[in-house]
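Undergrad: Sequence:
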Amino acid sequence: MRQIGLLALNDLRLTWRHKAAFIWMLALPVAMMWIFGQTGGPREPRKVTLGVQDLDGGWLSKALVAELADDRVELKTVGPEIPAGQEPPPRTLVIPAGFTESVLAGRRQELQLVQQPGSDAEFSLAAQVDTVRAIVRVLGRLSEAGPSIEPRAAYDRLALRPSLVKVAVTTAGKGVAVPTGFSQSVPGILTFFVLMMTNIYGGVFLTIEKRQGMIRRQATLPFNRGVLFTGKLAGRLLIAAAQIVIYLLAGRFLFGLSWGHSPLGLALILACFAAAAAGLSLFLGAVLKTPEQASTVGWILGMVLGALGGCWWPSEVMPRWLWSAAHVFPTPWAMDALHALISFGRGAEAVLLPSAALLGFALLFSVLGARLLRTS
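The letter at position 101 of the sequence shown is residue 101 when you use our numbering, and the numbering goes up by one with no holes.
Since the hints were made in silico from the structure, they are not lab data.
Any given hint could be a false lead.
[To be verified] Listed below are the simulated PhoX-like cross-link pairs for lysine-lysine, each with C-alpha atoms no more than 20 angstroms apart in a straight line: (1) 76 x 62; (2) 210 x 289; (3) 210 x 166.
[Unchecked claim] Computed beta-carbon distance windows for the label pairs: (4) 363 x 322: 20 to 28 angstroms; (5) 70 x 322: 37 to 45 angstroms; (6) 249 x 312: 40 to 48 angstroms; (7) 86 x 113: 15 to 23 angstroms.
Yeah, the Cβ is synthetic: ideal placement off N, Cα and C, and Gly gets one too.
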């Protein structure tokens, strides 16, 4: 065990001593988490800006304005004249003088919705819908109140009454939620960079050791080939684990991301993914001959597996056939499990199958790497 630990720590030391390691394993991934988290995050819905010019000032016009106010509309009071240098609202509802008296007397009234040139047509249409809805509610209460000596008191009593009809909106079928913001960017960048950097650094250093004869000299030390191979595998596992710890801390404390409610499930899937990345790295280092090859193949492979695995965009938006086919690679399994924990609130049971698949990848790549790694 001591020999395995020394070999593993030596690989980790060589990696973190590399001048570019800080950029590729810390600065760049954290920056990309923030960039993609900002551009892809959920945004608050924009409100419809509606100016109101109340030329009446009666209680019924004020009741109409109160009906217009909700969480979808931003009301702005507009006077008879717009002060110099002040931009008018993009659209303004004008309530005419004598509105309250005329409506109560049963006379027809016209409200004007004045739109400024260049105002957003969709928002203007939404303002019209909201205005019509408010008018219908006001007229409905007046009709229900009927002739009354005190119409305002009767109206106020009806306005305070709970709604007689409520509409419940539910999703038909099986809707698929799409992770956005930091819930997508942080696990995606974690999965992508852990795989790519472990492959690149692990593969590059192994090809250097082969070219310089270090592997051959290490094979002459007083331990068997299995210890040598296990030490190399453990070194790449440490490289992956160090990155994972950094990204976990960045996601939690820099971006406020909750990693779900199952620490056991999170630890299990990340450990299995680190093992798969380590095994793949050792396999690449065993079959490739030069550091240049290892760097190029590690970069290209990371980009391809990142795209197919849902690291750059949510796999939920991919065609189902492509999503299913991509599971011949390790990245989709890791992203499925991380989304289940982070975005969908699942427990450890959701990561059992992905963890088993990733362990299968780790075993496959490790066995192939062990058979193909030449020590002589």
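Undergrad: Would the hint linking residue 210 and residue 289 be met if the CA-CA limit is 20 angstroms?
TA: holds, 8 angstroms
Undergrad: Using the C-beta atoms of residue 70 and residue 322, is the stated range 37 to 45 angstroms upheld?
TA: Once the Cβ atoms are compared, 42 angstroms apart, the range 37 to 45 angstroms for residue 322 and residue 70 holds.
Undergrad: Given the hint of 15 to 23 angstroms, check if residue 86 and residue 113 actually sit that far apart at their C-beta atoms.
TA: holds, 20 angstroms
Undergrad: Given the hint that residue 76 pairs with residue 62, does the C-alpha gap stay at or below 20 angstroms?
TA: holds, 13 angstroms
Undergrad: Please check whether residue 363 and residue 322 have a Cβ separation lying inside 20 to 28 angstroms.
TA: About 26 angstroms separates the Cβ atoms of residue 363 and residue 322, which means 20 to 28 angstroms holds.
Undergrad: Lying within 40 to 48 angstroms: is that true of the beta-carbon distance residue 249 to residue 312?
TA: 23 angstroms Cβ-Cβ, so the 40 to 48 angstroms window is violated.
Undergrad: Given the proposed pairing of residue 210 with residue 166, does the C-alpha separation stay at or below 20 angstroms?
TA: Answer violated: residue 210 to residue 166 is near 73 angstroms, above 20 angstroms.
Hint compliance for this structure: hints 3 and 6 are broken, all remaining hints hold.
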